[in-house]
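Residue numbers (the UniProt record's numbering), protein chains in the order written: chain A, 1 to 644; chain B, 1 to 248; chain C, 1 to 255.
Derived by calculation from the structure, the hints in this document are not laboratory data.
The C-beta atom is built at its ideal place from N, Cα and C for all residues, glycine as well.
Mixed in with the good hints there might be a few duds.
The calculated label-pair distances, taken between Cβ atoms and stated as ranges, are [said to hold, decoys possible]: (1) B:95 to C:6: 48 to 58 Å; (2) B:95 to C:110: 30 to 40 Å; (3) C:8 to A:398: 55 to 65 Å; (4) C:69 to A:139: 51 to 61 Å; (5) C:67 to B:242: 22 to 32 Å.
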Amino acid sequence: MKLDAKIPEGPLAEKWSKHKFNLKLVNPANKRKYDIIVVGTGLAGASAAASLAELGYNVKAFCFQDSPRRAHSIAAQGGINAAKNYRNDGDSVFRLFYDTIKGGDYRAREANVYRLAEVSVNIIDQCVAQGVPFAREYGGLLDNRSFGGAQVSRTFYARGQTGQQLLLGAYSALNRQINEGKVKMYTRSEMLDLVVVDGKAQGIVTRNLVNGKIETHAAHAVLLCTGGYGNVFYLSTNAMGSNVTAAWRAHKRGAFFGNPCYTQIHPTCIPVTGDHQSKLTLMSESLRNDGRVWVPKTVDLSQKLRNGEIKAKDIKEEDRDYFLERKYPSFGNLVPRDVASRNAKQVCDEGRGVGKSGLAVFLDFSDSINRLGKDTVAAKYGNLFDMYYQITDENPYEQPMRIYPAVHYTMGGLWVDYNLMTSVPGLYALGEANFSDHGANRLGASALMQGLADGYFVIPYTVGDYLATIGPAPVNTNHPAFEQTRKEVEDNVKTLLSLKGNKTVDEYHRDLGKIMWEYCGMSRSEEGLKKAKKLISDLREDFWKNAIVLGENEEVNQSLEKAGRVADFLELGELMVDDALNRNESCGGHFREEYQTPEGEALRNDDDYAYVAAWEYKGKNQPEELHKEELVFENVKLTQRSYK
Amino acid sequence: MNLTLKVWRQKNSQTPGKFVTYKAEEISPDMSFLEMLDVVNEKLVKTQEDPIQFDHDCREGICGMCSLMINGEPHGPKRATTTCQLHMRSFNDGETIVIEPWRAAAFPVVKDLAVDRGAFDRIQQAGGYVSVGTGGVPDANEILIPKTIADEAFNSATCIGCGACVAACKNASAMLFVSAKVSQYAMLPQGQTERYERAKAMVSQMDDEGFGSCTNTYACEAQCPKEIKVTNIARMNREYFNAEFIKG
Amino acid sequence: MSNFSKTFSSTLGKKLIMCLTGLFLCSFLIIHLIGNFQLFKDDAGLAFNEYAYFMTNFPPIKVVSYLLYLSILVHTIWAIMLTQKNKAARPISYAKKGGNGSIWSSRNMGILGTMIFVFIAVHMSNFWYNYHWGTTPYVEYRTDLNTGITQVKELSETEFTGHVSYVENGVQIIKAKDLYKAVAFSFQQLWIVALYVAAMAALAFHLLHGFQSAFQTLGWNHSKYKPLINFLGVWVFSVLIPIGFAAMPLYFFFK
């Protein structure tokens, strides 16, 4: 099968407008004859469900949580980018496009990224109209800040809770449609499979998490807005429930998986305290605007710190290594996430890390407190400081914070074309669930932008084109594929419930996470990856023999839920390793030790790897087939990313 | 540290529940309360016992999914803190901790400590929105909002919908939750067109769900992990009476 | 009208009824206290008995007094209705009660209210019922308008022909029901004094929460005025007024 990205012809700036005009429309009177399934109710899912229902389609929306408002988009802190240029500081759609492409290390599609930048301005308008309380200035206008290393102030924010406020905005739009009967909401429901009829996605199979009922739902199109798969690492900043199951099962039904090895490791997280750790907590990287990152210059000093013989303040200025400022004088502490993370790992690997485990670096606010005063610093970061204090029991006003990188976001995801359709006709992937816009590294404040762009402003146009093509005839639910898929799901559940071994599912998950973090995390090598592949495959085999899954299907059964999700992670993990092995270059979040510049920076190979790796599932325990979508760059010049 | 837990176990909403005592051993003070329960659960699974069900997701104190009445206090003894952000250093070695679900007729138990808070969603669906469709809205900076009002509206908007207010209230009243949303839109210019209809619709849905009435004990404010103020309730009352007697 | 009945049957509507009747009763307390200060006058009850007659016979005040009785009933009945609804909202209570950040009185308005209601029942049957339909002694005051000296004489039931006040030969003659004496007699009994003092303590706590709570229900919670309302609620309604009332039985008991 040949991948067709369906990128429209013409100049970059006109592609989307032209494309919108060329897309087929569904007659307003016919819209109510179409059913659309939306899985997931985060920014992408809630905005898509609401917008499609407003157009007149019948929408069925699903989430595994107890309410659509719990989706993990809610945890995003920093902000959302938009090329509004309200600051008169030289921002433009093209600059946002350029920064995003460059930030993604030239591994994203130009056309998609440009469209993202283009609709970013509409998102802010939309959210403000919904009553999202963005930060404002005294004149009543919207406030902006510079974020994640951007040279312009284009980030709109709502204290440290931008994700929450945006999600509540989308949730309110969704609620309005539920109230009007255009959206039927299914909470505590988990999608367990995709129903493909005659090559088209026409429904899903779900499990009701309260009573265990396995149900089929039919529709003309299925939208997966199910987020990322960072929890394959066990420890990540994702929510406990975040999982890959919906996307992975769709993958097994024919949807290609794009760039699975691109994972983002966020530099400013609270370090791990012990084996009991269930998740990692991120602190907004806006902290790096005023905090300075450092470690002791010598291993000896660092040892003393770890043993508690000295405190951070005992280390003299000349004995501190502000390594980001030293190596990147122009960007300093504000280098992009992948660079900041990798450097933190480097100094820790050298033995200069701090904290009991030695796996942390300092983020020091004493200079800012001296310069701006404690009150100003508190006004800016008070809630983050409180959070840090609460978790670590250390007061960041008095001693430097300890931070360490953690898995945060997955740029990879289901492969989609320009219309956000996967390789299965009628199946779409939106938001973090798709691979499309961030290339190999995502810039700060861009995830919210992409989720809402896909849901509010892209899918309402592109899904119509497909629906108009297939026509409004009702989906035939009597087709044997429905019953067949349901049966397969039931069998899978039965198999899981029959596992009565001696190792808990969480233990498998933790083991998998350790393998992934060690060999497929911040830096990767051929040797390590090969080792990981074997380890994962052994672990998976062991899982299907020795895992403990308790209880029965017809009840609330967390043991069963977790087992299904971990089983999928155990398969995905191996694909990520395959992808990382295939990509013999370093780019963005993917750093291969064999491919680096003499200064230790990521070394891309544009001649051989300027493509999207889209993997096709070929059956149980079969190697997946790689499809390449060549990336064509007509509007930007590929350069070595430099933040020096 | 070693602790004794008295945990409410209930198979589902139809079956009556009871307290069961568990030992939580070798607990680190650095664990969060939920991580402590994870440890207990993992032990239960190892011995083929049904693990304790509780709602949780983000574990960052923002999604509002975690709950738990811990020693008679929603989200435990620490103020302005959700259960997932509560750490075991807030407890003493050897302590007995009683863990119960939120208790309210409007929040039926799903299993053990997890309850169904669908009533909150239905209240929001009744009117907790500004009726704007996607597209066709004015430029964001055409709507001027004084900073003080924006900040005040934001304070109301920080509600995470966890239900601690209902759990804390001796009447299981949902007034703090409902009023936070009514207030947010009542203060912002975007919410003006529908402000009175909204107050009426949301209050009416709140009543239908079977929540109790507010007797102004202000326990909700004291126990709210996001410190939502009871001034919101006063504002909602104003909105509602205005809607019913003057503007309606 | 159906619209109004719908409004008042909502929880907020019911709360509004509680709040308005409560505030009305608060305003009555002030009048009642000021009037009853006549008890402290050393005039053998002349001023007090005149005041009692005025309060029970001046038509506008009569109307208000019936409103008052109605308010007490409505306040009580609605409280019971709301309490039932509130109890139904939490069918299973918590096994362990924790400190929950609210003040004691706010959580026990029902108990306090019941105590006050019992008190009102005793109080009204003692004085209000007896004054109107029961056995109250009668009294005649003869005041020499030149000297200002008053002579007091008890009247028998047959001597009393109704409340009169007239001047004859420079002497003002007032014949009245002697409620003052009834009060003084009642307040000699320990159990009544104890009941009154206890009831006033209950009233103090009831109003400590109730007064400011009424304003919250009305929606009058403003950072500028809230301190004033709290000040009035605490110092006037839950300190001064209950102490003022409690002073009366104590005054007669220890006199």
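Point to revise | Hints violated by the structure (numbers, ascending) | key: none
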